[in-house]
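In the numbering used here, the protein residues as written are 22 to 972.
Fair warning: there could be bad hints in the mix.
[What the hints assert, rightly or not] Simulated DEER-style distance windows between Cβ atoms: (1) Glu203 - Asp502: 47 to 53 angstroms; (2) Ala507 - Asp328: 52 to 58 angstroms; (3) Pro51 - Asp549: 37 to 43 angstroms.
[Stated by the list, open to error] Below, a list of computed lysine to any residue pairs in the SDA-like style, where the Cα atoms sit at most 20 angstroms apart: (4) Lys942 - His960; (5) Lys204 - Leu193; (6) Lys777 - His796; (7) Lys851 - Thr840; (8) Lys100 - Arg112; (9) Lys942 - Arg518; (10) Lys933 - Glu682; (11) Lys33 - Glu135; (12) Lys100 - Leu62; (13) Lys933 - Gly880; (14) Lys204 - Cys362; (15) Lys33 - Gly48; (16) Lys933 - Arg892; (17) Lys851 - Val811; (18) Lys100 - Glu27; (19) Lys851 - Arg831; (20) Lys33 - Pro134; (21) Lys33 - Asp60.
Read the hints as simulated data drawn from the structure, not as lab findings.
The C-beta atom is built at its ideal place from N, Cα and C for all residues, glycine as well.
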Amino acid sequence: MATDLELEISGKRPGEYEVRVVRAAAGGEPEAALLLDVDELLARRAELEATVLASSVGARRVVPPGEEPVRQVGQQLFKALFAGPVYGTYRASLGVAQERRERLRIVLRLGSPELALLPWETLFDPEAGAYLCRHEPLVRHVPALYTPEPPRVEPPLRILVLIASPRGLPPLDTDAERGRLEKALAGQLAAGRVEVTWLPDASWDSVYARLQEGEWHVLHFIGHGDYDAEADEGLIALVDDSGGPDMIEASRLVDLLGEADPTPRLVVLNSCASAQGGTRDVFSSTGAALVRSGISAVAAMQFTVSDRAAVRFAQGFYTSLAGGRRIDEAARSARVAMLGCGRTALEWITPVLYVRGDTTRLFTFTSPPPAPEPPAAAGTGPSPPAPELSQEGKRREAQLRALQVMAHAELRVGHPDQAVALLDDLLTLDPDNREAAELRDTAARQCRLAGAYERATVAEAAGDWAAAIEAYTEVLGTQPDYRDAAARRESCRARRRTADLEAELRYHADNGQWQAVLDVVAELQRLDPSVTDPDGLATRARRALEEAGREAERVAGLERRYARARAAEDAGDWSAAADAYRELATADGGYRDAARRGEVCLRRHRVAALRTTLEEQEAAGDWARVRDAVAELTAVDPDAGGEYAELADRARRELAAHPAELGRIDFAAEVYALAWHPDGRSIAAGGSAAWARVYDGSGGDEELLEVEAGVPKLHWVYAVAFGPDGTRLATGADNHTARVWDAATGERVCEVRLDKAVLAVAFSPDGGRLATGSHDRTARIWDVATGEDVLEVRHGQAVFAVAFDPGGERLATGSHDSTARIWDVATGEKELEVSHDHAVFAVAFSPDGTRLATGSHDGTARIWDAATGERMLELRHGRTVFAVAFSPDGTRLATGSDDRTARVWDATTGHKFLEVRHDDKVLAVAFSPDGARLATGSHDRTIRIWPVGDL
22 MATDLELEIS
32 GKRPGEYEVR
42 VVRAAAGGEP
52 EAALLLDVDE
62 LLARRAELEA
72 TVLASSVGAR
82 RVVPPGEEPV
92 RQVGQQLFKA
102 LFAGPVYGTY
112 RASLGVAQER
122 RERLRIVLRL
132 GSPELALLPW
142 ETLFDPEAGA
152 YLCRHEPLVR
162 HVPALYTPEP
172 PRVEPPLRIL
182 VLIASPRGLP
192 PLDTDAERGR
202 LEKALAGQLA
212 AGRVEVTWLP
222 DASWDSVYAR
232 LQEGEWHVLH
242 FIGHGDYDAE
252 ADEGLIALVD
262 DSGGPDMIEA
272 SRLVDLLGEA
282 DPTPRLVVLN
292 SCASAQGGTR
302 DVFSSTGAAL
312 VRSGISAVAA
322 MQFTVSDRAA
332 VRFAQGFYTS
342 LAGGRRIDEA
352 ARSARVAMLG
362 CGRTALEWIT
372 PVLYVRGDTT
382 RLFTFTSPPP
392 APEPPAAAGT
402 GPSPPAPELS
412 QEGKRREAQL
422 RALQVMAHAE
432 LRVGHPDQAV
442 ALLDDLLTLD
452 PDNREAAELR
462 DTAARQCRLA
472 GAYERATVAE
482 AAGDWAAAIE
492 AYTEVLGTQP
502 DYRDAAARRE
512 SCRARRRTAD
522 LEAELRYHAD
532 NGQWQAVLDV
542 VAELQRLDPS
552 VTDPDGLATR
562 ARRALEEAGR
572 EAERVAGLER
582 RYARARAAED
592 AGDWSAAADA
602 YRELATADGG
612 YRDAARRGEV
622 CLRRHRVAAL
632 RTTLEEQEAA
642 GDWARVRDAV
652 AELTAVDPDA
662 GGEYAELADR
672 ARRELAAHPA
682 ELGRIDFAAE
692 VYALAWHPDG
702 RSIAAGGSAA
712 WARVYDGSGG
722 DEELLEVEAG
732 VPKLHWVYAV
742 AFGPDGTRLA
752 TGADNHTARV
762 WDAATGERVC
772 EVRLDKAVLA
782 VAFSPDGGRL
792 ATGSHDRTAR
802 IWDVATGEDV
812 LEVRHGQAVF
822 AVAFDPGGER
832 LATGSHDSTA
842 RIWDVATGEK
852 ELEVSHDHAV
862 FAVAFSPDGT
872 RLATGSHDGT
882 ARIWDAATGE
892 RMLELRHGRT
902 VFAVAFSPDG
912 TRLATGSDDR
922 TARVWDATTG
932 HKFLEVRHDD
942 KVLAVAFSPD
952 GARLATGSHD
962 RTIRIWPVGD
972 L
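All chains, please: the whole structure from these sequences, using the hints.
Written as structure tokens, this is what we have:
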């Protein structure tokens, strides 16, 4: 079996290639990118061919100048092919070959047409300073489904030589060519190893006939070759009927050779371009096409070859084949023979060897070729008389002697397999030769030893220590001193132990068993003191153990803290426990249940603190803080908060009955009227002054706007109202006018005039109309845009209050005549009238328009059914009720009274929610748009704002 390094070179995409090891003597299948400018190298083919042909010219230099381009290309190809891990496999395989005392066969599988055009035979190893194909066999692989066994051939090797020199092509000196080839093969011909048949002026018909005449082992062609780029196919030139060229395509040549039975195993093409292909088909050259068709091997020429080089190639090639060498070894020997053309000769690059599949040997000779008769010694005297042998007997005796000498020689140089083959041939001719039989036993034993030794070295190279030890033991059991088997076995045992320990080391490392890692490293160091820190695992183990020690100490510290926290928790010291658990959570957020327990203790600590606060604030009567503390306690611990539900209710009742002011505005005059802006952020007020003002609704004294509704110190403002969109402000004054102002700038927009003081104003829901109530006993509705009077209704006395219903279709009025009336806005007809015992100062519709509230001098506020006039509720103050207002949701009613109080009532049941006090009578009340605040205006010159959202 050959010692091979088989490489596949293929294109991934245009311009990108990769090389992969298919098979290697050293094992492994690495791959790498092939970085090579293929186009640049192909452009240099013509230069290389000219260099090779011109190389017979001598020069006195270490590297002749003509060789420079060849060596440069060879180095480029070598560095590209043996890149990265592929180079390591190449070197290791060379080592295996040297151990086996064999040559390393380089097999190239070329997967792209342009790669097949490159001169791989120039590969130059810069480290060894040598061309590969001169030292190691180099072949180009052509794939095959199977490789047949080499046929058994009875010498001599039969060669059919075709010579074709047609007219019209450069003439060939065929006679000289034949003479040189016969001279080159003279020794083989004389020894009976080779038989040559010549076919001059070879034509299709003559070749066809000759191929059918007998068995031909080799076909050798001498003539012209070419390559048809258009057809992408190689050509050879035979002679046609007129003596001119008959260009035969490779595909037709394949069919022609098929007429031989059997087909020749080898074809040698001594013609130009027989190894040249195209860029479309990797097997387009004549040589590659023949091998793909079934020829086992083809030797072709990638450049033009000189006659002298061609003769030397044939001499070396056929001599090696006839001697039984492999086809690849024969090609390498032929290259060495071509070196004899001269020191500067480079034509050994030109031959290309294509082999089919795994072909190594083309023939198995059934008997050794006849040995030549030894020449008589010159100058010797007459020999003593000897038994007369026939000529055939002498030849046979010489053959036997030669075979035995060759077997001894092969055995001596370590080739027992070849010695066995030679001795088998000898014993076939002379079965009774005892010496040969004993020598064969010795050779066979050496074969077995060599085989076992080879298996051992291959296993050793592959790192299969168990197999290597077993094979070395087998060798030593037969021959204890066989070569270096004993030392190698001990080395393998040590390396197996080392490999086992390294595997154990990685196992412990993968499982985090760091002390075991250090123990294994120590054992490794006892086996091999040079071992320091395999893969850095010892350092990693020491660091891991140090980290584990620190982690153990950290965990112990955490455990101590946890124990202290639990002790504080068990003792009910919630604050200390919460602090301890918080420290634990900071040190290690996931430590046991520290975070959860810390939250529990913190909550219990807060609950205890809130309980204490509740007791203190209840004793102090600070009901706002009591309310807030109960709410916080409920949020922290709903169960604990439930215990204080009754206290929370009391706090709300106390706060509702006696709320704290949210804010106070000093109006500087008695306050008669209030109105909230629709956005709830400001409030308008009017009173015993000639101006109306707008203030910040938060309860501060910030004045946002002031308008003069009359003459200072002469007139008062009895009524104010914002329009529904907040852009307009209306005022009613005792100067007999009602005015509408721009609520942002204070610019007067509209003014209407009555006969007496205007006591009430109200905007319609759409803001387009304004209602007024006056001392002149009328209630009127005005068009805001034009100032025109659109409706007038009358009471028996002054009208103190007006109000539109939510739909803007009805108008309520309250009068000094003790009545409140509801009017149809469209017709002016009175729809409803209700009465008090005295003057009615205030009217207000509920937000849904179904109820009407009134306030009277008789000390009551009443709620009426706005459709039927039925009294639904009566609420009593001690004195005159000057103001009423529904909350925005209609559930509450606010009243302002001469008894200095403002009250908030349940508008359904009459329950009093709230009572607040001024220093004088309360003349105005107004809910904020969100219902959370109540504004009150008093004769004491203040506007006060109260919280009512929780009622």
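These are the hints, each one checked on the structure:
1. Glu203 - Asp502: 47 to 53 angstroms: holds (51 angstroms)
2. Ala507 - Asp328: 52 to 58 angstroms: Roughly 56 angstroms apart at Cβ, these two residues keep to the hinted range, so it holds.
3. Pro51 - Asp549: 37 to 43 angstroms: Once the Cβ atoms are compared, 27 angstroms apart, the range 37 to 43 angstroms for aspartate 549 and proline 51 is violated.
4. Lys942 - His960: Answer holds: lysine 942 to histidine 960 is near 6 angstroms, not above 20 angstroms.
5. Lys204 - Leu193: Given that 20 angstroms is the threshold and the Cα spacing comes to 18 angstroms, the pair holds.
6. Lys777 - His796: holds (5 angstroms)
7. Lys851 - Thr840: holds (12 angstroms)
8. Lys100 - Arg112: At roughly 13 angstroms apart (the allowed maximum being 20 angstroms), arginine 112 and lysine 100 satisfy the hint.
9. Lys942 - Arg518: Violated. Lysine 942 to arginine 518 sits at ~111 angstroms, over the 20 angstroms cutoff.
10. Lys933 - Glu682: With Cα atoms ~18 angstroms apart, lysine 933 and glutamate 682 stay inside 20 angstroms; holds.
11. Lys33 - Glu135: holds (13 angstroms)
12. Lys100 - Leu62: Holds, at about 14 angstroms.
13. Lys933 - Gly880: Holds. Lysine 933 to glycine 880 sits at ~16 angstroms (cutoff 20 angstroms).
14. Lys204 - Cys362: holds (16 angstroms)
15. Lys33 - Gly48: violated (24 angstroms)
16. Lys933 - Arg892: holds (18 angstroms)
17. Lys851 - Val811: Status holds; Cα separation ~16 angstroms.
18. Lys100 - Glu27: With a Cα-Cα distance of about 17 angstroms, the restraint between lysine 100 and glutamate 27 holds, given a limit of 20 angstroms.
19. Lys851 - Arg831: Judged against 20 angstroms, a Cα distance of about 10 angstroms means the pair holds.
20. Lys33 - Pro134: holds (13 angstroms)
21. Lys33 - Asp60: Status holds; Cα separation ~16 angstroms.
Violated hints for the displayed structure, listed by number in ascending order: 3, 9 and 15.
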